[in-house]
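This is what each chain is made of:
4 protein chains.
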Amino acid sequence: MGSLSSLNSICIDRGRFPKCLDEIKNSKVKKLCLRASVATSAPKSLQFEEFKAQKFEKFRIGVLGASGYTGSEIIRLLANHPNFQITLMTADRKAGQSIGSVFPHLVKQDLPDMIAVKDADFSNVDAVFCCLPHGTTQEIIKGLPSSLKIVDLSADFRLRDVGEYEEWYGQPHSAQELQKEAVYGLTEISRTEIQSARLVANPGCYPTSIQLPLIPLMKANLIEVKNIIVDSKSGVSGGRGAKEANLYTEIAEGIHSYGVTRHRHVPEIEQGLSEAAKSKVTVSFTPHLMPMSRGMQSTIYVEMAPGASTEDLYQHLRNFYEKEEFVVLLKKNEIPHTRHVRGSNYCLMNVFPDRIPGRAIIISVIDNLVKGASGQALQNLNLMMGIPENTGLLSIPLFP
Amino acid sequence: MGSLSSLNSICIDRGRFPKCLDEIKNSKVKKLCLRASVATSAPKSLQFEEFKAQKFEKFRIGVLGASGYTGSEIIRLLANHPNFQITLMTADRKAGQSIGSVFPHLVKQDLPDMIAVKDADFSNVDAVFCCLPHGTTQEIIKGLPSSLKIVDLSADFRLRDVGEYEEWYGQPHSAQELQKEAVYGLTEISRTEIQSARLVANPGCYPTSIQLPLIPLMKANLIEVKNIIVDSKSGVSGGRGAKEANLYTEIAEGIHSYGVTRHRHVPEIEQGLSEAAKSKVTVSFTPHLMPMSRGMQSTIYVEMAPGASTEDLYQHLRNFYEKEEFVVLLKKNEIPHTRHVRGSNYCLMNVFPDRIPGRAIIISVIDNLVKGASGQALQNLNLMMGIPENTGLLSIPLFP
Amino acid sequence: MGSLSSLNSICIDRGRFPKCLDEIKNSKVKKLCLRASVATSAPKSLQFEEFKAQKFEKFRIGVLGASGYTGSEIIRLLANHPNFQITLMTADRKAGQSIGSVFPHLVKQDLPDMIAVKDADFSNVDAVFCCLPHGTTQEIIKGLPSSLKIVDLSADFRLRDVGEYEEWYGQPHSAQELQKEAVYGLTEISRTEIQSARLVANPGCYPTSIQLPLIPLMKANLIEVKNIIVDSKSGVSGGRGAKEANLYTEIAEGIHSYGVTRHRHVPEIEQGLSEAAKSKVTVSFTPHLMPMSRGMQSTIYVEMAPGASTEDLYQHLRNFYEKEEFVVLLKKNEIPHTRHVRGSNYCLMNVFPDRIPGRAIIISVIDNLVKGASGQALQNLNLMMGIPENTGLLSIPLFP
Amino acid sequence: MGSLSSLNSICIDRGRFPKCLDEIKNSKVKKLCLRASVATSAPKSLQFEEFKAQKFEKFRIGVLGASGYTGSEIIRLLANHPNFQITLMTADRKAGQSIGSVFPHLVKQDLPDMIAVKDADFSNVDAVFCCLPHGTTQEIIKGLPSSLKIVDLSADFRLRDVGEYEEWYGQPHSAQELQKEAVYGLTEISRTEIQSARLVANPGCYPTSIQLPLIPLMKANLIEVKNIIVDSKSGVSGGRGAKEANLYTEIAEGIHSYGVTRHRHVPEIEQGLSEAAKSKVTVSFTPHLMPMSRGMQSTIYVEMAPGASTEDLYQHLRNFYEKEEFVVLLKKNEIPHTRHVRGSNYCLMNVFPDRIPGRAIIISVIDNLVKGASGQALQNLNLMMGIPENTGLLSIPLFP
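Which chain is which? The protein sequence lines are A, B, C and D, in order. In this text, residue positions in the first sequence follow the UniProt record's numbering: the first is 1, and each later residue adds one. In this text, residue positions in the second sequence follow the UniProt record's numbering: the first is 1, and each later residue adds one. In this text, residue positions in the third sequence follow the UniProt record's numbering: the first is 1, and each later residue adds one. In this text, residue positions in the fourth sequence follow the UniProt record's numbering: the first is 1, and each later residue adds one.
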């Protein structure tokens, strides 16, 4: 590099640069001029390169419910995001605290203190991740300015049928108008709708791991709608709430099923599969809790359509996901491990023949906090803001 | 037992009492007079009660392959067994070593050093547990004196069809005559045959967890022979061999399937179910390895027979196992956890309705090293030697 | 069994039988006639030997605070105890529940339901284990009948100096008279006093692991009272309370110190060491919490007395603990592992030379719930009731 | 951003851009023109931004010994490095295999297959990370072209005194000339020497965690050279070799010391401290192995210099590390947890008062594979190549 002027012709980092303006379709965000400038003055300490972008040059992001695991994961993923900057964090029970006191692994992050959601000023925010518990979410989102882009990580807007919401969650839906607007954010399946959405209902972790392999197969009529048996295994980072059942002593060195046939992700799974199949699908879904903080595997037992083979299923998934960055069909016979996606936004999957003729076994693994929650949420917001969807999501799985 | 005076020469404790002489059917063992005598001289240290039974008064037990986990588990279970005494231990690669140097948790056990199997003198042994790898076992058992009672924990005598053995294990069966004599030792199912057996093939861990719930249901025609889907999860104490795949770093904080459709326990499972169903059963069986040292869960998805309900399945299992000590059908809706059987010989199970009409979900849990291996082996040998089958097996699960 | 005299000629099981009547020194327990009778009628099911002792023939035991981990561990240890029978269990927040619903691993135990402590009738109880939180314990023990033997597992009676109690626990001692009577129950050190005690203050887990090696060395003037540095590592079964800090996700795959210099076990450790040294000892004590449910290691760095060598320390400990069943000095160079005492009442220890001349390293390991709590409590109550102190404590460590 | 031309004025990403040429001191690297160009043609898939830099524009990196954990960690860290590109990977036993087959979590990385080191062509490589076992490393490094920059992660060049190497490693040093040239790479302590080094001996994990806090204190004469007691706790990712001792079953749910007083990191620790103290330092060092894949804590017990207080120690460390990115002194009383640095290059530390007057407790935590190995190695190579030392090292710790 001859001189600094040669810098002028270069760009930048993989997946870290906004699309050109003319690709930014959404007029709401046009006003956000994305600029960054070279540090020109000699820094005090030369050893660390500083990023001198001024704050207004990035999209300003709010994180509602920042004291839970999905909240802290959003913060982790945004720490090196070139276009997003967190300017607002709420956590009612931790109001007034710094992020470092609540999540010491984030102690080096320069972020605003947490405040109560009722004290939040949304006028200086371009988009929010909503990481609040289901039930309370609807009211809060209803109260947000309509100019905000929202990715909601709760279950509150995932079910199109508000009656079904009421049935499974035991309370009426209090934002039924918003529900109509909400787009279900399974990124690889609904990319186009997500790009133009204002409110995205981010999928649950189990539904993500199950629908990513099944929806393409269902749409292609390669599997039957009946006798779909899903045995899922999850880590325990679903929440940071202090529950006896989640104590180390109650989780380590063992496994157990829970919510057998009654887990609240059932209607979400069936909604997605039914839509893909264009007929009502009822699944057998049994989740298991096991000693790992992150990770999720769904072992899915399906009946193939008459004439279809596991080779057909494999080839169809291969074609479907060939150009995707985050959904990876492994080579034949390779078995996905949850350890191999830890901390990353990948979904690894594969298809296996079953001993029972006419059946196949599909295995998919994700990190429940990344592709199963905050990573997919960021993937969605990237799309909604018109920037490359892999921005901030390129870190490699952490193994071992 | 005719009178109290006969008490004087016998021994006592809960579950630790030999049947009366006239109940000891097997003439081979009659010569072993079970006596125990009170310590009459003042012990040096009064604080610990000493058991002063002379050695010849107990059955003399050999453990072949004592340096693996199933071997050490046999030793643990026999440590306080009132009727069995280990007098021979072999471990070819550890020959000459004490048990405490190979398994420091057994450092306080007063046991003979390990020797090579070729150096073993079986003339002073009444029974052996054979904990050797499959393949080598057949030759060794063929060479044992015919007066010995044998419980073989390997897979070498489990498959009645030696052709199937050859197919799944990739080598010819080298003890086909013995195979005809071997009794498959699923205790609660084949108790009578085991009592009079000389050679018992101890079931595999997965097959135990699967057959205990399914065989009674199959025999009663309450479930279909088709579409049986078994998703099993196991701890990693299957072996102590130094394999990269079993390193802490490769197992902790994750899960993965292995041997999909090709695990060697498949023919054993199908043999048992087919016999119960009186027709050929093909199962879908997918084992998973997860971060726990001990424990195994099988989540079993079955199609019920026309007209049968989960209530029927529940009631049938309840009746079938009502008087059993080690197989426990939980109360309705209670979910078995592997943690709750750790270190014990229990199998906990339950039946749940499935969302898919006509199907049911059955969950069973065991400790793979106890009911799935050494515990059931001891249960079998107790039976074979004519003593109460729960002797030495009464310890409570270790939780947390 | 016609008369007690017939008892004299029979035996019984290792460590499972009360000493002869004439050895029962404590008159309070004489009235409890220890008898057991053979089942005379044919049992319905012959396969499991039943223990037909009538209830009044065993000591009747109460467990106060049965819903915590030390409570459930008492229940586990008593399950096969030949002389103790639980007849009362209290747990205020679980009153009315069965033990199986609170601790499913105990589902097969035939025990009374839990009741509130205020509803307990102590007239039918011979002894109690008190597993209540510190602070509340003093009042409750004050209210118990004076005929009861009590082993208190809380910290409420461990500190002889009630001023020190107040300083470290932040509240006045409300049973100062009882404090004078309480015997500190480090069994191997204070066996004689414990045998005749009515109220035993059971030692804390850290103090047990630290004092067992240090007190004999201190008494023999083999180590200096200064510069004793104790670095302890503990499992997380200290409590079942639902705390964020003890969640699986907050404990797995990591370690951290806690309570640096301020842990409440400090005064207890210093009390014991000071008494042994006959001069005030101040220790450096840093506990660490790590991902294991059970287990505790203390790595202790000491300065040896002038002229003393690690060989002297080793030989002294060897002589001191030679006849003990539960305290085991390993062979030279062998390193104690916590895994090798899991579930057992053992304390393994060893002495190592330090690189710094004049210093030595002492390592001791226990199971914090057994020798560090409920096991030692049972060892103490056995002594107090005049039965062999190892009764019910003979199970072998569970490994792996 | 008005137009693409405005792009010309921007830079880049935090810590991801090389310093200007005039800062690139090392002439050897000048020839590597660092350029990157904007993707101008419309990509097939618009959704993922592609980095179109041509290969020759990055430094070409070799990884020797890529099939171990430190090797795979180098690959992980370089995956998104803007200036380094792996062009050569060796692994003798895995020669011919792809990285995805050896490390499935790297399956998406586009990298050359592994080859045997004897087949490597170093003429197209600018720098190497050497992740080979000690002992073999010296010969291999001796054979490398002298133009190569080398960071050696083995112990082979860490000890300046080759006699000491021979004593602790049991073999003569076979590259004594190179040893004289090697710079010990504790980055924050020896930054200047590292910048101009050709061969850097990357520190061991324990020595890093111990020297980072102690060297500044030693240099400032705030702590005594005597009675330094170090109790370290490590995860088990020290190697991927298949050893019984590192099996899941042998590591989970327990802790043990190992290599008491004889661990090979001792001379390295004492070398660094002695140099800082300008007098011979002998430390007491006891490492412990515990159930975590990554992470390391050193709890260090020191005697303060006469007149010094923990406040003095705290303030000195604060000043010393104030401007560092990776070494973080926590706020007073905050306790470092290993979980809070997992996957990151951070070292968190703090100072605590001891109960023993005149002593202090220092706690430091690192990820043994990052700051303790591959992360510090990258930090060093960044410096050696004249680019910001935090490049590629900005990812946030992964918690939970």
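These are computed hints drawn from the structure, not numbers from a lab. Misleading hints may appear alongside valid ones.
As the list claims (entries may be wrong) - Pair by pair, the computed Cβ-Cβ distance ranges are: (1) A/A242 / B/S309: 52 to 58 Å; (2) B/E166 / D/P112: 51 to 57 Å; (3) A/D161 / B/G163: 36 to 42 Å; (4) A/K331 / B/Q176: 55 to 61 Å; (5) B/Y258 / D/A245: 22 to 28 Å; (6) A/G163 / C/G143: 41 to 47 Å; (7) D/Q315 / C/K118: 34 to 40 Å; (8) C/P112 / B/D119: 51 to 57 Å; (9) C/S309 / D/G163: 35 to 41 Å; (10) A/G96 / B/Y258: 26 to 32 Å; (11) B/R318 / D/S101: 34 to 40 Å; (12) A/A242 / D/T261: 39 to 45 Å; (13) C/K118 / B/K226: 43 to 49 Å.
Said to hold, decoys possible - One side only, chain A facing chain D, incomplete, derived with CB under 10 Å: (14) S72; (15) I215; (16) K219; (17) E253; (18) H316; (19) R339; (20) Y346; (21) I396; (22) L398.
Source: prediction; values computed, not measured. Even for Gly, the Cβ is constructed at its ideal location relative to N, Cα and C.
Outcome of range test on Cβ distance (C/S309, D/G163; 35 to 41 Å): 28 Å, violated
Consistency of beta-carbon spacing, D/P112 to B/E166, with hint 51 to 57 Å: 43 Å, violated
Evaluation of the interface hint that places A/I396 against chain D, nearest CB under 10 Å: 5 Å, holds
Proposed interface contact between A/K219 and chain D, which counts if any beta carbon pair is under 10 Å: Result: violated, 20 Å to nearest chain D Cβ.
A/K331 versus B/Q176 beta-carbon gap, inside 55 to 61 Å or not: 40 Å, violated
Cβ separation of A/G96 and B/Y258, checked against the hinted range 26 to 32 Å: 49 Å, violated
41 to 47 Å as the expected CB spacing between C/G143 and A/G163, which holds or is violated: 57 Å, violated
Hint check for B/S309 and A/A242 - Cβ pair distance inside 52 to 58 Å: The hint (52 to 58 Å, Cβ to Cβ) is violated, given that A/A242 and B/S309 are roughly 39 Å apart.
CB-CB spacing for D/A245 and B/Y258 relative to the 22 to 28 Å hint: The hint (22 to 28 Å, Cβ to Cβ) holds, given that B/Y258 and D/A245 are roughly 23 Å apart.
Chain D contact restraint on A/R339 - CB to CB distance below 10 Å: 7 Å, holds
Distance restraint hint 34 to 40 Å, applied to the beta-carbon atoms of B/R318 and D/S101: With Cβ atoms ~50 Å apart, the hint is violated.
Status of the hint placing A/E253 at chain D (closest C-beta pair under 10 Å): Holds: closest Cβ of chain D sits about 6 Å from A/E253, inside 10 Å.
Going down the numbered hints, you'll see the structure goes against 1, 2, 3, 4, 6, 7, 9, 10, 11, 13, 15, 16, 18, while the others check out.
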